[in-house]
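Undergrad: Protein chains in written order, with numbering that gives the first Met the number 0: chain A, 0 to 206; chain B, 0 to 277; chain C, 0 to 234.
No wet-lab data here; the hints were simulated from the structure.
C-beta atoms are modelled at their ideal positions from N, C-alpha and C, and glycine is treated no differently.
Take the hints with a grain of salt, since some may be wrong.
Stated by the list, open to error - Have a look at the derived ranges for each label pair, beta carbon to beta carbon: (1) C/TRP221 / B/ASN44: 38 to 44 Å; (2) B/LEU196 / A/ASP60: 50 to 56 Å; (3) B/GLU150 / C/GLN54: 42 to 48 Å; (4) A/LEU123 / B/ARG265: 37 to 43 Å.
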Amino acid sequence: MIELKNVSLKLKGKELLKNINITAENGEIVGLVGYNGSGKTLIMKCICGFINQYTGTIKVDGVDIRTISVEKLDMGIQIEVPSFLSFYSGFKNLKMLAGLKGNINDEDISEVMKLVGLNPDSKLCVAKYSLGMRQRLGIAQALMENPNILILDEPFNSLDYEVSQNIRRILLKEKEKGKTILITSHNLYDIETLCDKTYQVEKGEIV
Amino acid sequence: MKREVWILAKQEYLSWLLNTRNVAVLIFVVFVRKAVVLPLIYMANKYHTVLNWAESSIAVANSGVSVLLISVILLTVLSGLPRIDNDFYNIVSRVGMKSWCKAQLVFMYLAVVTFWLFVFFSTWVQTAYLSYIEDGWSLVTTQYSGDTAIENLLPLNLYNQMPPLKAFMFTYLLMFLYFLFTMNVLVLGTLYGKKNLTTIGLVILLAVGVAAAAAKVKWMWLFPVSHSILILHCQKYYRAQLFPIWLSVLLLLAFNVFMTILIYRRMVSVDGEILKGN
Amino acid sequence: MKQFYKEYRNRYEFKYILMLSACVCITYFVNPVDKVNNHLITMIDVLVSHRDRIQYIGWDTLFSNFWGEWFIFTMPILFTVLCVRVFAEELKSGTYRYVILRISEAKYFRRIIMEFIVTALLIILISVLIYALVSMIIFPMYPNIQIQSEDDLILNSLLYTCKTVPRVLATIVFVILLAYIFAVLTMDKYLAVIFPFLIEYMVDQKITNVFLYLALDIAMYWVAEYVMRRRAEKI
């Protein structure tokens, strides 16, 4: 569960977020919609602990994230443009990230890559991946360790219809497992088909 | 230290090694060959004699110009550190900020050690076939260096004061500490978002320091680079040192420890977003 | 011409050209200008520890040998780094495709080569101006011809300069074309600067004749055109 109460963020005299109140329960997909630059990604970064200069409280599973280190939050995140080491293959990149926690093995990584439509045996380096392939790799990276919470920033960017449908099916399956999923999009169709709850963000405020 | 710190440090180190920026070290190899190695080889061949194994490596670190070049190349090679791109989110969400910071510090120390070893090996290997392994200066240095470039690289105030092994150890200890100093200042500047300013400041500090060392003025000891050049500490005939070597080592070491603590504290306390430059 | 000037100003900032010119100027100051106890000393040595020699150094000494070994050594880096940085980034990011689709690949090729050459000429001009200004302030500007040895001939002869200028210019063109080729092949700014430096260092050991350099320049020009055409075909 994710809970934001009266979260405001002011940096260099500019108010970037104003009184954000969001709740995402277990087994729910919550959507943040809004124009570019409205503050959706900023809210996600605050939830993930990359920005700590806000006022108010953010709780994940009842724990204030300021009192806990970010790796203990059991989150799978994909924020901004997915970035990987360009001279390694997609599988190698995921294997290196998985090795940090050591919770999953090569089969799990292969499975999740196949789930998002990527070939785990391909030796193609990430530098040669298309935008859609990188986006899928980013989603695979967020899903692979089976986290309780998923934070995905515009997961359907650069994806064709078939792949997008596939990702939607995956997210609905994850939701049925009782996970909390927070996604952002500026595509109303994605939001309408997936989300149980939607928050519209405009100029750093929930409207 | 935690397992993930070593894993992450190893990953960062391998990806740094494969970076094309490191090709810049070839400029150093070519310069050293031209300015240090070829004069030594020429003199050794001219007088049908051999060199001590450490002489070329010591000569490289005792020339103001080559220290300047080595430092500029070090700045180039370290300029992308610490690596903070969008992959930063993927990593920090798995290991946490503290482990990430420790891993970055371990990796950066590894990078400096690699560069330091490269400086030694790239010079030594060029004269290895012409060298002997004993603790005594060669005739090229003691007898035949007059009126040549070697006289400035391996001068009387070096070979008259200590044997080559001791000179090598001090030279490379001071060089290593100076590399660490450069790395620490660069990283701290990057963490405060002032990377370009820090780089320019370091180059100016280096250039002025080298010029002061060349002119042998009293205030040259204000500059860290002067402390890294061994021959500046010694006199030609008297045992008393112009500036104690042990004091230079202590100053550089203390400064490095202090800077490392500052870096760690900054890394841990700063927001990831600000670290990214947003 | 006006269009080229406008585009050039948009792509390259003058402060970087000035910085590179200052670096090139430093290579002029580390050339030998006088002899003390059979040792050749540089201008920096004169200014720092042999100030009594200033009065003996005339304008023909100062301007006869300033394109010396350190200039030749650093020139492949200093003359190409600015243009390679922009060009390699343009290739890597794919921006060049948008340009080629508008102005044709042949025009793009010629434009880039022109930019390299203009940058090199600007750097030479500005560095020589700075050098001349500083020399005029510090040194007396009268001829000082006392030829007694080959070193004196090199130090004091403007004829020597006339012999070296064409070779230096041919070397600069060679390095520029090499940098262009490596930038197109590797799309990496570091490799495109370092490899020409290495190749030029090796070639410089073997070739001293200006005509051989000119022949190399022509060969490199055709290679550069070929690689750019192949790159453009991949769009």
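Undergrad: Which of the listed hints are not met by the structure?
TA: Violated: hints 2 and 3.
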